[in-house]
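Construct the entire structure; sequences and hints are all you get.
Number of protein chains: 2
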Amino acid sequence: MLSVSEAQERILAELIPMGPELVPLAEAWGRVAGAGIAARLDNPPADISAMDGYAVQAAHCRAGTTLPVIGESPAGHPFPGVVTPDGCVRIYTGSVMPNGADSVLIQENATESDGRMTASADAQAGRHIRRRGQDFALGQIVVAPGRLLLAREVGLIAAANHAWVPVHRKPTVAILATGDEIALPGETIAPGGIANSNAPMLAALVRACGGTPVMLPIARDDEAEIARLAQGVESADLLLTVGGASVGRYDLVQRALERIGLSVDFWKIAMRPGKPLMHGRIGRVPVLGLPGNPVAAMICAIVFAMPAIRVLAGRSDPMVAYDLATLGGDLPANDHRADHLRARLDRAADGSLLATAFPRQDSAMLRTLADSQALILRAPHAPAARTGEPCRIIRLDTLSI
Amino acid sequence: MLSVSEAQERILAELIPMGPELVPLAEAWGRVAGAGIAARLDNPPADISAMDGYAVQAAHCRAGTTLPVIGESPAGHPFPGVVTPDGCVRIYTGSVMPNGADSVLIQENATESDGRMTASADAQAGRHIRRRGQDFALGQIVVAPGRLLLAREVGLIAAANHAWVPVHRKPTVAILATGDEIALPGETIAPGGIANSNAPMLAALVRACGGTPVMLPIARDDEAEIARLAQGVESADLLLTVGGASVGRYDLVQRALERIGLSVDFWKIAMRPGKPLMHGRIGRVPVLGLPGNPVAAMICAIVFAMPAIRVLAGRSDPMVAYDLATLGGDLPANDHRADHLRARLDRAADGSLLATAFPRQDSAMLRTLADSQALILRAPHAPAARTGEPCRIIRLDTLSI
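Residue numbers (the UniProt record's numbering), protein chains in the order written: chain G, 1 to 401; chain U, 1 to 401.
A hint or two may mislead.
Identical copies carry no separate label here, and so any pair may be met within one copy or between two of them.
What the hints assert, rightly or not - DMTMM-like, lysine to aspartate or glutamate: derived pairs with alpha carbons at most 20 Å apart:
| id | residue 1 | residue 2 |
| --- | --- | --- |
| 1 | K275 | E112 |
| 2 | K275 | D362 |
| 3 | K275 | D114 |
| 4 | K275 | E108 |
| 5 | K275 | D102 |
| 6 | K268 | D222 |
| 7 | K268 | E27 |
| 8 | K275 | D47 |
Hint data in this document are derived by calculation from the structure and do not stem from the laboratory.
Below, the structure written as C-alpha cells:
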C-alpha cells in the first residue's frame, strides 16, 4: 500500500494546468491568475498628500508664519501652478502635491482666515507625502501567476488599471456515482436504497476548488452501463468515480472503464477512512476512483481530489493547509494507516483551538462529518496522545467544504 | 467616537434577514439554510452490514462451523428470505442485513467453497452492523436554519433525500464610489487620477459574504450627481458608499443622500484605519459610508459590512472569526483606537502561526493589504507586545477576501 504523500505525488505529477482565458475584472474573484499581472501605472500616480492641510515649502513655514493661500488641490483637480516660498495651497488626503511644495502642514497645525494661513507648528520637509509608486510602480508584477484571486487581489488588479484579467480556465470534473442501491435525492427510495449524497457533495467540493462539476447519471452495477455513462469523458479534465469498493464491485468499475481505455496506476493507500482509492487515466483524462462510503469519499476527495483540481485550476499552492490545535480528548495509538478523525473545534479560554474527536468515527456517518469543523490528522504509527497535546488539523469550514 | 463593538451592534441591530426561496440541491453550495431541514428518511434506511462477509446467527456460527450459503444480499438487492441457524448469506458493505441474521462474520474469518462457508472465528452478536437511523432518523432536523451550506451540508441534505433546499435569498448590495479623481479600471487615467479599486474589491467581498453586488456608476464630487446615482437604491438591501472622507467631502455624500431621505445614525469610530464610517438609513435600506482609502475601505468592510451582509444573508453566525497566532515582531503600545495591522503569516517549526506586521501600515498601500494573510487586532490602549507573545488575528485568505 502507498503512503498518502506518495499517492499525492503520483496523482499530481502528471497533471497539466488548464490554459488561459480572459475574464472581466468583475468576474475574477475566486479564479486563478493565468499570468503575472503587471501594473499599468504607478500607484500613487504622483506624490500625493497623506493628510488634509496645506502644501508648503517646509523651509519657509515655521510656527507663527502666515502665508497667503494661493489655490487649492482637491482630489482629481491638481493645482496647476507652483508653490513658492511665500505661498501655500490647500490640499486634501489623496490630492496631488503641487509643484514647488515639499511638505504638508496638517490642518490641525494651521488656522485659515481671509485667504491667509497661519502655522502653529514648523512644517517638516517630506512629511505627510505619499511618494509616487510607493505602493507599486509601472511594469511591476503585482499578482504572480498561479495566485488565487480573492477580493484584495481584485482590488489590486483594479488599482493596476486592468479591466480584463488573464486566468486559468476552470477544469471540468465529471462525477460518476455507481451502485444499484443509490437513487437521486428527492426520489422515492426503494427498500435498502439510499439517496445519492456523494455526487452532490463532490460537485460542491469541485466548485470550492475552482472547478466546474458535471454530474453524470447514476450507473447501475453493470459493466456496460458504467462504460456507456463514462463515454465522452474525454471532454472532462478529471473523472471522479464513486462507489464499488466492496469485494467484486471495485473490479467492476475498473473492468468497465478498461473497456474505454483505463490504465490503472494504483488503488490502495495506507489511510483511513478510504483505503480503496483508484488512480489511473483514460487517454489524457486522469481518473480517481473514490470509495462509496460518503465519509470515506469526502475525506479521500479532500486529501487527493482537492489538490488535483487546484493544480488543474492553475494554483501554485495546491496542497490543503493544516493548522495546529490542542487535543480536547485523549487519542489511542494509531496503526500503520494515516487517519483522519472527524472533530469538533472549540475555543479555549485563551482563544486557541481545542480539537476533540467524535467518539464514533464510523465512515457511514455523514452527519458527524457535516458537524465536524476539522479533521485531526494522525500519522501512521503515531503514539497515543493525551488531552492538551498539540495536534495537526485540517479545518473544513475555511476550505468552503 | 464609538467603539468598534458598539458600532457593530448598532449596525446589526436593525437588519432583517432576507426571506426564503427554494434552490435546487446542486445550487445550494454557499447559500444559507432558510429553514430547518428535516430528514425524509432514516439513515441508514435499515440495519446494514459495515463489512464484506456473511450474515449469520452468531449463536450458531463458531470457529469451525460450516454453513451453506443460501443466498446473497448485494447492495440495492436485499435478500428476500430469512437466515436460519443452519445457513448464511453473502453480504457486502452497505448491504441490508437479511431477516433472521444478527451478526456479520467478516470474510477474513471465512472460507467459501462449493456453496459452503467455513468460519475460522466465532461470530459475535451485533458485530459489524450499522443500525437503522444511526446517522439520522426520519423527521430529525439535520441542518439548522441560518447554517452556511458547504459541501458536507449539501451531502447531508442529499442523504436526507431533498432535491430542493429552502435558503435565504441573496441580499443585493449596491456600491457607490464617489470622487473626481477615480476612473474605471482599464480607462485612460487623467493626471492625478486613480483607477477605482474600491468598487470591484468590495463587490468581491459582497460575493464572499453571500450577497449579490450591484456596482453603481462612479459619482463625481457633486451633490446632485451623487443623489441621482443613488436613486433607486430602494431595490437594494444595503448601500455601501465609498470615498469622500476628506474635509468637506464627507458632508457632500451625506448632504447628497439626505436629498433622497438619508437619516444618519453615526459616522465616527475609534478604529484605525478607517475612523470616518457613516451609518444611516434611506427608507428601509441601511447605508454604510466607507472611507475612500482602499485599505481603510476594505478593513471597515471586513469589520462592519461583512457581518451586516451575513446577517442579511441569513447567517446565524455573522461575526468574523478571529484566530490566535504568535507575534513575529515587537509591537508598540496602541493609542485609544482599535488597530488592524496588516501582517504576514509564517509557520513556526512546530507548525504554529507567526504573525508579523508589515513595517509600513500606510492605508493607501493596497499591495501590502493584498500580500497580507492576516490582520493583527490591537485593542484600544493595548500595551506594547513582544515577539513571541500571543496575538489575535483575522485570517483573510480563509474568508475568501
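Cross-check of the supplied hints:
no., hint, result
1, K275 to E112, "neither (78 Å within a copy, 24 Å between copies)"
2, K275 to D362, "within (14 Å within a copy, 52 Å between copies)"
3, K275 to D114, "neither (83 Å within a copy, 30 Å between copies)"
4, K275 to E108, "between (69 Å within a copy, 16 Å between copies)"
5, K275 to D102, "neither (69 Å within a copy, 27 Å between copies)"
6, K268 to D222, "neither (23 Å within a copy, 68 Å between copies)"
7, K268 to E27, "neither (40 Å within a copy, 33 Å between copies)"
8, K275 to D47, "neither (61 Å within a copy, 24 Å between copies)"
The structure fails hints 1, 3, 5, 6, 7, 8 (numbered hints given earlier, in ascending order).
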